[in-house]
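K.L.:
Mind assembling these two chains? They're in different frames, but the hints should get you there.
Chains as they are written, first to last, in our numbering: chain Z, 1 to 436; chain B, 437 to 689.
Be aware that a few hints might be false.
[Unchecked claim] Interface residues of chain B toward chain Z, partial, derived using beta-carbon atoms under 10 Å:
no.: 1; residue: 480
no.: 2; residue: 651
no.: 3; residue: 672
It should be emphasised that the hints constitute simulated quantities derived from the structure, not laboratory data. A virtual CB, placed ideally from N, CA and C, is assigned to each residue, including glycine.
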Amino acid sequence: MTKRLNLALIALLLLLTASWASARPYGYPITDPFQATVVGTPEPLRPKLPADIPVAEDSLVVFKDRKVPDYLWYDSRLRYSYVLQDKPAPLIFLIAGTGASHDSAHMLMQQRAFYQAGFHVVSLSSPTYPNFVVAASENSVVGNAEEDAQDLYRVMQQIWKKLQKKHVEATRFFLTGYSLGGFNAAFVAHLDSQKKVFDFSKVLLINPPLRLYSSISLLDRMLENIPGGLDNFPTYFNNILTKFGAVYKKAKRLEFNEEFLAQAFQAMQPKNEELAALIGLSFRFASAHMAFTSDLMTDYGYVKPKNVHLTRNSDPNAPPGRYMNVVFRLGFTDYFHNFFYPYYKKKDPSLTRNKLIEEMSLTAIEDYLRQADNIEVMHNRNDLILEKGEIDFFPRVFGERATIYPVGGHLGNMDYVENVAHMVGVFTEATGGKSL
Amino acid sequence: MSAIERLTRVLPALALLLLAACSTAPVQKGKQVEEPFFTADQVLGEGAKTQSEAIYDPWQGFNRTMYRFNYHFDRYVFLPAVRGYRAVTPEVARKGIHNFYRNIQDITTLFNSILQLNMEKTLNTTTRLLVNSTIGLAGFIDVASDVPRSDEDFGQTLGYWGVGPGPYLVLPILGPSNLRDGVGYGVDWLAYNEVRRRTTNMETWQEWGMDILRAIDLRDHTAFRYYVQTDSPFEYELVRLLYNAKRELDIER
Chain Z
1 MTKRLNLALI ALLLLLTASW ASARPYGYPI TDPFQATVVG TPEPLRPKLP ADIPVAEDSL
61 VVFKDRKVPD YLWYDSRLRY SYVLQDKPAP LIFLIAGTGA SHDSAHMLMQ QRAFYQAGFH
121 VVSLSSPTYP NFVVAASENS VVGNAEEDAQ DLYRVMQQIW KKLQKKHVEA TRFFLTGYSL
181 GGFNAAFVAH LDSQKKVFDF SKVLLINPPL RLYSSISLLD RMLENIPGGL DNFPTYFNNI
241 LTKFGAVYKK AKRLEFNEEF LAQAFQAMQP KNEELAALIG LSFRFASAHM AFTSDLMTDY
301 GYVKPKNVHL TRNSDPNAPP GRYMNVVFRL GFTDYFHNFF YPYYKKKDPS LTRNKLIEEM
361 SLTAIEDYLR QADNIEVMHN RNDLILEKGE IDFFPRVFGE RATIYPVGGH LGNMDYVENV
421 AHMVGVFTEA TGGKSL
Chain B
437 MSAIERLTRV LPALALLLLA ACSTAPVQKG KQVEEPFFTA DQVLGEGAKT QSEAIYDPWQ
497 GFNRTMYRFN YHFDRYVFLP AVRGYRAVTP EVARKGIHNF YRNIQDITTL FNSILQLNME
557 KTLNTTTRLL VNSTIGLAGF IDVASDVPRS DEDFGQTLGY WGVGPGPYLV LPILGPSNLR
617 DGVGYGVDWL AYNEVRRRTT NMETWQEWGM DILRAIDLRD HTAFRYYVQT DSPFEYELVR
677 LLYNAKRELD IER
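This is chain B alone, in the form it adopts within the complex (with noise of 0.2 Å):
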């Protein structure tokens, strides 16, 4: 059986299993509801019980599902290969590793930085950019460390010109998104690898080493860890809260 062949066979049984993991109504048993002591007739005020969430999420089935999906990789994928990373790589050669790719980052910082008519933000990049990838020895030393550094992307391109967030997304292991973030995430990424076609002379699987330590890396470095460090029974609702104020502000600056 070929891959494309399996594929086919499996997709239909994957879409069945995450549509039915979508429905998110609480499950009532009996027809009459027993009244909980406190109900939010009680204690909400009018506005607040009818008022819709303040974040659209029209597909909160799907992304509850993923959500709970990239727990499950987190755990057993991507933290593994975090310590394996960090118990084979001393720590003078990860801070240099991040580093490069922290100057890869610049690149789509420049891109946006232009795209947004950010004069201050496109020279400081540009700087960072020619200081580091060659004094900075291809990144490795962040020599540039004094000028000011912006992380800018294409979904804050997109807002930065009015367009609004869309449906809140949770994407498979790169976590809470939002339509047009996720949209952006997609148009950096393009954009990087023609970057990277045009510049270097990389095998497909070289290609892939590369963007794997960058996924490794850039989990080292992220402090967040699922469910274990809220343990808030409300946790999708607050990380996504946070999501979005976090990404408003980042439009904004």
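Only chain Z is shown next, with the shape it has when bound in the complex (with noise of 0.2 Å):
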């Protein structure tokens, strides 16, 4: 009896041993996700990337005859930035996350990781940045995942012309963004298999949300974990910053670097609850910018009165509207309920909140996502902004070009060695197998 046990416990260690030596460990040492979301990839496990390379920074005019407000003044063209080889190349298309800008952090890392390996490189802010609302969103009401990838679409091929005039040549093209960057390259994929503009011979999405509602109510949920409430939301700032002062007293040096960033959290030892209060934080800044500057645009009342007009020189936090103060208390979901929704109800009165809801949604394309050899996704099982179960309709629509990482929350891992080693490598095995 005994000897049984024991020969099955070694057959059963020997098994062990031979999977883990087939199945390399994922090296990200981050296992919560909270943690893994606000700290991101530790400097020494990050790729070795060029920091000096020739990006160029440029604009344009989208639409010749677009009124911007006042108020907007400075934000009329829209800023792209890309980076060229000196021959032909594939060139690739990379999307921001929400609210962020075309040269944001990840975006940089990109930017150099993709030239790196060989591409010509045009980064795009995300529709929801303020200046792509003001600038590139034709209507201003972002958000419309149909909408979204038309107005991307049509930025890509006027960014392309442009390109086209200073003589590069693209052998062929790509596509990638990461977050809600990674919804919208699905919609702008699937709007390029109709139209073949580029005829993008791979997609990478990272880490994108399923249903758009779903993500946005996670997040503006973790507000909810501001002691206190909103209400409170001056005390909580005051706090966060005194906390953070206490860290920046002690430093003997004064640079705000990430590295001083990492000290920060080291000393302050933040719980999930603050964690989560600070990823709620970022995103209502993102919010908050997109609702204002869409109101602006279209002046549709939503915090600002129609008949209020704000100079280059309002104060947009003027007694009694308070304009700034009120935005800020408002998340997505408000921003989905009480202009969104109504703004798409009066262009086509049988919508419904739920058909809307669901057309925010990869589901939506499913049909389309199953059968796109040229799409694959890489994502993370314990991803912030999905609601439970819905990381499996990833392996279960795109299967074998679907990989799930265990653990690093919300683009925490993104930095990390081996998965930019991934995001390259998709694209460079297309290209023919060179790799980095």
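P.N.:
What follows is the structure, given as structure tokens:
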């Protein structure tokens, strides 16, 4: 009896070691999804990428007859950036995540990685970034999967036209995006499969949301972790600054950099609820900026009265209106129910809330995604922007074309050396297997 | 027409322009405000609705105008100058120049460390200044980089002795500040000029050249870009908040 048990144990151990040997353990070190999301990837675990690359920053007028409100005077041209090889090469478009610009940290990392891999790289801001809302969104009410895709597609064509005038030669076209940008990339790929302007030979979706409404609800709820609720926001914000300041005072050097942030994180040892509040706060900035910009563009009367005009010098928080404070109290879901939905309902009276929620989802193009061999996904099992069970959509629909990492939270592992190698590899394989 | 005559003609026009640009109230068309979907009454608690701004900003009209002026100055003068500077100066030289100006900044830190009765900072800064100005070849090499460096200015010294920030103030070219720090900046500048006059024998044009290069070096080492970085419709408010928070921390350190 005991002998048999021993044998069984040995067999089990052997089996386990065998499976360990075959499946290399995933090396991203932060298993907690909240910590991963806030801290990201520690510097030593990032790939060495060239720091000095010949990036060009440019801008364009997307709509010639667009009237930009006085208050948003600085945003009339859409800003983007690109970096070019000096010979014909594949061209990759990058789409930024929620509220992020073409030159946010993740975008710069990708720009370097793909440039190093030998591609022309064009970086685009998210359609939810204020500059895009002002300059490149046709109706300036963003978050609509199909319309955002059309806006992005238009901009890509305009930029490509400008680059062609510089005699840039692209051997083929690629597309990728992270977070909401990944979601956008799926819909742009769908559009392109009909219009065939670029005929993307490879598309990579990095940590995309599945159903936008699920994700925005999750993100809005994170701010409920503020002790005492949003009414207590000023106290909460002061506490953060004070805690941060305590670390700042002790620090030997004065530079505000990522190393310092990591130190601050170590010293503060924030609890998960506090981390959730921080994540919620960063998305609240995105939603407030986006909604206020849309409101000014359309004169919809969301938080600013329709017949009040903001000049270039106006105080957006002047009493009694206090538009800024008001819009910071409102989340993505408020925008969805009281601006976004009524706006589209006016255009199509038969539109119901549920129908709109279902349209703002990858499930709306599930049949296309299932057979689109050129689209791959990388995601994390513990991504915070997915409802329980939503992650299963990706292996189910994409099959082998989906890679699900066990940890990483939301984009925490995006800069991790293995993940960067993966995202570059997806495209270098498509060009004939030349890797870094 | 002499320069002064020309100035006396231009100045009133300029003053008018600034005053005209000073109103920060949103402009209402019609008698009655059309209620927006979410109003302050609905969304903000009684306290949040009536409380005044955390940062005293009575000169907001002037400040906002100056903020925009700074953006334009940055875009059309400052940043192109930095680009030109980077194009013609090799990295080693830029590094040396940066060290040189940091060494000069240490003079200001030394004065203010003394005025704040801070022994440790005074000692460290003195060491840095002595070592870097001699072995470090007039500051071009930061040989004393192991000695902790701090940045102290007269605004912080005033803060240390209990002077409040006063009204928020956007200075031309220099950007966010407040009355206390603006005065502090002026005092530091006068003190530095006095030291320079006593220790060197420079012509006026040389002094100007040195100061302009210093400004370019400072801009080169400041990551901030107006509007394009935050792209926030509330950038003025955010910068104001962060400036104040940072200065409070600087004073405490």
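K.L.:
All the hints need checking, so say for each whether the structure fits it.
P.N.:
Outcome of the hint check:
For residue 480 (chain B), the shortest C-beta to C-beta distance to chain Z is roughly 6 Å, which falls under 10 Å, so the interface hint holds. Of the supplied interface hints, the one on residue 651 (chain B) is violated, with its beta-carbon coming no nearer than about 20 Å to a beta-carbon of chain Z, more than 10 Å. A least Cβ separation of about 8 Å between residue 672 (chain B) and chain Z falls short of the 10 Å threshold, and the interface hint therefore holds.
Consistency with the previously given hints fails for number 2 only.
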